[in-house]
Amino acid sequence: MPGQGSNENLLPGPGSTSHSDEFRVLFERYHDAVFRQIALMLGRDSAAAEDVAQETWLRISRSLKTFEGRSGFYAWACRIASNEVKRWWGRNRRPTSLGPEPSEDPGEGRERDELVREALRRIPEEFRQPLLLDLWEGLSVAEISRALGVPEGTVKSRLHRAREKFRQAWQELQ
Amino acid sequence: MNDDFDNLIRNAKPAVPAGARARVLEYVGAHGAVASAPAPWRVFLRAAALVLLAVFAGVAAALVSRPETAPAVDPVAQLAADVKALETQVAALERDSLYEQLAGLQAEVAALESSRTDSATALEQVVMAQLEARESREREEWRQRHIEHMRRHYAEEQEATVERLRRDLNLSAEQEKAVRELLTETGKQAEELIGEVYTGRRHRRDPRMHDKFAELANETEKKLAELLNEQQRGRMEGTGIVSAAPEDWAPRSEFRDDTDLDVWTNWINVTRE
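Order-wise, the sequence lines are chains A and B.
For the first sequence, counting from 1, position 136 maps to 136 in the numbering used here; every step adds exactly one.
For the second sequence, counting from 1, position 30 maps to 30 in the numbering used here; every step adds exactly one.
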């Protein structure tokens, strides 16, 4: 779980020796969170999400030395992931409507989860990111603030508005 | 309600497949791109430079070992000059390579993206300030409407209450006057409590609002009892002349347009925490 129960910074401190060390630390911390963002954006099976995750981290490793830390690493990584998702859709024909993925075991709970993810996809990214860091990754407001590189007050207002937007999207889907 | 939605979202969290981390690391490693690891072209250039150096060293050694017929050029100086020339060529290749140009462009893009994020934050702060100002204006409007509603309806209810007490408890004229004054005073205090709802932002509202209304109701009942004789008190016990529930002081159907319902529902939710 990225940043759970810690006060660590986004990048390793001065004691770290190379981009390779930084990459390892960031990878361990943010892999799962970035993966779940990709899975949500794709709305497809985990194999596709894994392909996109591999390309995303490859690009991150190549560009890490140009990352200056002005915005939060997680926000930066999500922008790269978003671009990779678009490339993936370019290589694979995009459906006319991004509905729930056909399931081998279409239970009621699974259908509801797909509806929830569809509602989440309808929330603008700037509001969705803090909401998912809160509810999926269990980060505190302070940790979300560091991960996204925005003030804590902004995180709180975005969380509040994200919940309102989710409620609207959810009601539209009912 | 928020907790229900939060649980819905938590339950929809996608699973990360077992071994996904290891496969990503393997993929990144296989493509030779863990951060600052040298690019393949750079490794090739270094190897080529070493080979050339070795060739020149061999040539130089041959020149040194030749008899007096060799040219009058100092072979060591020649070798140093050649090495220097090679270093210059390698540096030029590194400086002018597409890879370095791309890295420069990526740095510029990253800087532009960062400044765009700063602008977005500043814009959001301006928008939030405007939203708060508008909410403040609307709050005052809602407060006025709520108080007007209370005054209109409470006056009618007050008269009905006095009428009921006069009939049930056989109030004297003096008692009736005192009861009317007591209910008027209670109405003013309820207005003040309602007014407090609209003075702060929603999340700063007093969570003890229900307790305050219960206290007001108890106080009114106690004062009323003091105005009655013992026989009247026995008959009045448990009649509940003033509601202890703030919901009963709320606007009813005529206020139930979307906006006001939202305000009212929020207030009820907050004060029940």
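Some clues are possibly wrong.
As the list claims (entries may be wrong) - Straight-line distance between alpha carbons at most 30 angstroms, and here's what the computed BS3-like set of lysine-lysine pairs gives:
no. : chain 1 : residue 1 : chain 2 : residue 2
1   : B       : Lys-177   : B       : Lys-212
2   : A       : Lys-165   : B       : Lys-223
3   : B       : Lys-223   : B       : Lys-212
4   : B       : Lys-212   : B       : Lys-222
5   : B       : Lys-188   : B       : Lys-222
6   : B       : Lys-188   : B       : Lys-212
7   : B       : Lys-13    : A       : Lys-86
8   : B       : Lys-13    : A       : Lys-156
9   : B       : Lys-84    : B       : Lys-13
If you're looking for bench data, these hints aren't it; they were derived computationally from the structure.
query = Of the hints stated earlier, which fail here?
reply = Going through the list in order, the structure violates hints 2 and 9 and respects the others.
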